[in-house]
Amino acid sequence: MSASSVSLTNVYKIFKGFSGEEIVAVNDISFQIEPGTFVTLLGPSGCGKTTSLRMIAGFENPTKGKIKIGDEDVTFIPPWKRDTAMVFQSYGLFPHMNVGENVGYGLKMRKVPVSEIHDRVSAILDLVGLNGFEDRPPSSLSGGQQQRVALARALVVEPSVLLFDEPLSNLDVLLREQMRVEIRRIQQKTGITAIYVTHDRTEAMTLSDTVIVMNNGKIVQTGTPFDIYEEPNSIFVAGFMGKMAYFPVKIVAWEGKNGIAELYDKKLTIHIAKTVTPNDAHQYVMACRPESLKIHENGKGAVPGVVATNVYLGNAIESYIKTEFGEIMVKSELHKERLCPEGSKVSLSIREDKTILLPLEQGIDLLSLNKAST
Amino acid sequence: MKNKWLKAILFSAIGIILIVWVFRTLEAEFTTISIQRLKEAGLLLSQSVPSRSYDQWVSATRQQYPDILPFISEGNAEFGEEVRAVISSAADQAFFDWAQSLPFYDYGLESTYYEEVYFYPKRVEWEGHPVYLSFTPIIPEELGYVSGTLILLHDGSVIRNYGNLLTGFAVAFIVLLLCILFVNAFSKDPILVYTILIVFLIVGVFIAFPLYQAFRLTMLKDGVFSLEVWKYVLSNRNYLQALWGSILLGVLTATVSTAIGFLFAFTLTRTNVRGKKFFSTMATLPVISPPFSLTLSMILLFGSYGLITRRILGLTNVDIYGLDGLVIVQTMGMFPIAFMVLSGVLEAIDSTFEEAAMNLKASRWKVFSTVTLPLSVPGIASAWLLVFTNSIADFANPLILAGKYKVLSVEAYMEVTGMNHLDIGAALSIVLLIPTFLAFGLQRYWISKKSYVTVTGKPSGRILEVVSPGVKRMLFAMMAVISGFLISLYATIVAGCFVKNWGIDYGFTFDNIVEALQRGKDAIGDTTLLAAIATPIAGLLAMIVAMIIVRKRFPGKGLMQALVMIPYAVPGTLVGISFIIAFNKPPLLLVGTAAIIIINYIIRELPVGVESGIATLRQIDPSIEEAAQSLGADTATVFRTIVLPLIRPAFISSLSYTFVRSMTAVSAVIFLISAKWYHITILIYNFSENLRFGLASVLATTLMIIVLAVFWGLRFFVGKSSSMQKNIITR
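Sequences listed follow chains Y and U, in order. First residue of the first sequence? That's 1 in the numbering used here, and the numbers climb one at a time after it. First residue of the second sequence? That's 1 in the numbering used here, and the numbers climb one at a time after it.
For the record, the hints were derived by calculation from the structure and aren't laboratory data. A hint or two may mislead.
To be verified - No farther apart than 20 angstroms at their CA atoms in a straight line, the calculated lysine to any residue pairs in the SDA-like style are these: (1) K81/Y x S187/U; (2) K243/Y x E318/Y; (3) K111/Y x F639/U; (4) K557/U x F59/Y.
Quick caveat, the model's predicted, so the values are computed rather than measured.
Construct the entire structure; sequences and hints are all you get.
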């Protein structure tokens, strides 16, 4: 199986809406995917990730721009002539064929001899853990089994690029976790190039070598899961990857990638994400994850506040603290004796090395940020 | 990209050069051979020219050879004789005046003095005709030398027409070649492009073109634009009366049918009476019954010699012909349409609404009048308009039963078949088009958008007891009465097969059956054969059109959808008349052939087939087709391996409806039949007109048997599909 690289260059996709107005679904995106890597397109609904995937598959044609698979310009080549295979959200299994015929369909299209089809189908069903399911009709399978058939069907043709369109959205949580591991394992084993679309950040984190975060048709940040989570380049990316606490600071000076920031007359050295260039004209906020905050019963912490709610999660406690900057969530491990009851006055301390500076866009209100970020 | 352009242009150039060369050669060959023949004819002719008194010879020759006009020039200049044209009429003078001015005239004469034939190789125009001129020496036997010149005018129109034909073919070939080359080179999905082009071609030639021709004919008088026809039609009292008659009939039928349809639909969906299956079969049976069958039984039962009116009740002055008879027959035949629409609507109304009303202390009557009925209003309006459209377009029933009551569909037919006034017939059926089009448009685009009913796709299961037992009994009784009436009508037809002479001699006999089958076996065979041929073609075409409409985006999609739906809203008479007008001259000389009947069936079935195809395809998850594409299947393969197998049940169901409707067609077919291809329904009509009711009954019964057999046979194999029942029947 030879994996291919995939590259998009200045790709636009513009649709005509209901009353004839133009909808720009994909707004000038370019990226290059190395062969054999697992790349996730991550973003909220409507950000253009599915449209981009469909353009790579060939179900949509870009309004502008070029798409290459390997060295071949496939921009206008129809889907059946591209060496890609797609796993769909709704599985797309052919109801009038059994599992074996479904999985063998792509091989039939490629005029593979019948005996070889039989052997390859068995092998691939083995790989996905559905040994002996050849004669079963798709309707008799569970969701997880159906999804594995869809995966097997795409894998067996040995495509150079494997595409996934939110394949796990229709499965329950446990199954999703199980399938995630399976998909990653199989991709590693076969070394195939995989492009995965999802709005679930956990999936993106656990599956990918690279994550491409998209919003409003544009790429906002590209990087490893670590980069995206620890070094987000914007409030949007930070918030999308998880809850954040935001504190207003005044930047007094810049030292390379570090900003000297002032909060409550204290000077803190906070770095900025690798991919962001410091700019004197911009405002910045100091942000950190809920796990990097600590609640103190006394006034030892820097930020005073009152406990609003405590939520018990089993493996952790989420405490919502009312401060002057809004309601800030703190995630702490379960230590019963340290739990401050609702209404008690507390103070928060922030781990300086776990904070990051994020540019504050015009018109964004800090209070609403701290309430809204999920 | 540039590579593609170069290749395409290169191949086009080569192709064009080849085609032009081939056709030029063909034309040249033909011209040469033809001219050779003309030369030989001329030589032969010249040998019979007398040495003087040419007049007789000239007129005899002109009579014998109408394609040749001979003229004679006396004298041989070489011998010093005076050369003069032989002129015996003004026409001759005109000819020589013209000919002598031709640049080659003198040369032609000269050639003949040397005993040579001169055939001017180019066509010239003489008095609007294409002609060839030849000069042949006259050598009378007794003289032995050239005494004059025989100038012949050969008709060149055949050669010219052949040349034009070849040019036409060449152009067509070139266009085809260019299309193929460029489509293959530049389109990502050439099969789709071909499909779209072919569908547009079919739809354009067989739907748009005939209608256009029909319209055009009504605007012409002696080849010039004129509104004479329209002025005549619109000011004629008879036609206006007929228009009013059609509309009045439509209104009455629609109202009564909707009421009866609502009765059945409501009782069957909202109560738990016994025998639901029986009543719902009753309410859909007339859909597959042949035309004329209900009129036939009405006459047999209630006519002036009817079983009930004369035999049983002893009345002598009953006239079943006219508005009352028509309303009864049309209502019996069309209330199933209302029933199907209304039962669909009532089934979709969630019983939660009624439960909520009852919960709020509304009485049963109040629930009905304030919840159920208002929610059904769009459905009722829909049903009413649908029946109205069918009634106005109805042709078969009024043809027999209208009597003195005039309706427009029959008037149009009379003008065409009786008086051969195609233009008036076309105009009348176009007038008929207006209310049907309006009703169709209203129903489709205004009312269906105003539906308050949410089609959740799942019927709520529980049937609430919204009527009191007393009301329930009354409803049951009413349904029973109507069903009984319906059964008796059909039973009468079957009975009519075995009765010697209905109304006069009620003796039992098999003679009718024997005679009818003998006389009708050709018609039965023809009808079944043509329907059987048309059905799979119509079904496949409809499916292909549905597929590209649902799954593909292309310019002109809206136009194609509209064009395909047109036959739905157009009365059968207009379709039939426009077919006669459009296809009675070459190159599309189809009138009188089986082809035109088959094409008519296909076009009539297209809208319904496409609609149900679209509905079925929408139920298939598009991911399934996309998955196939991503695994390497192109459009045609996806259609063949994925779509067709999945839609097979619905497809077969719609095929059975197509077959039934083709077998029972009347209004368009009556214009398209010929001595070679007859339709069984027209034969039934003929027998009825001749009062041979026994024979008519046999044929009607035979038709019913064939239709029921096919219909139930297919349903048995495929299983019931209730969405198919919503197909609306027009004849």
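Hints versus structure:
{"no.": "1", "hint": "K81/Y x S187/U", "in the structure": "holds (14 angstroms)"}
{"no.": "2", "hint": "K243/Y x E318/Y", "in the structure": "holds (11 angstroms)"}
{"no.": "3", "hint": "K111/Y x F639/U", "in the structure": "holds (18 angstroms)"}
{"no.": "4", "hint": "K557/U x F59/Y", "in the structure": "holds (19 angstroms)"}
Hint check: no violations occur; every hint is consistent with the structure.
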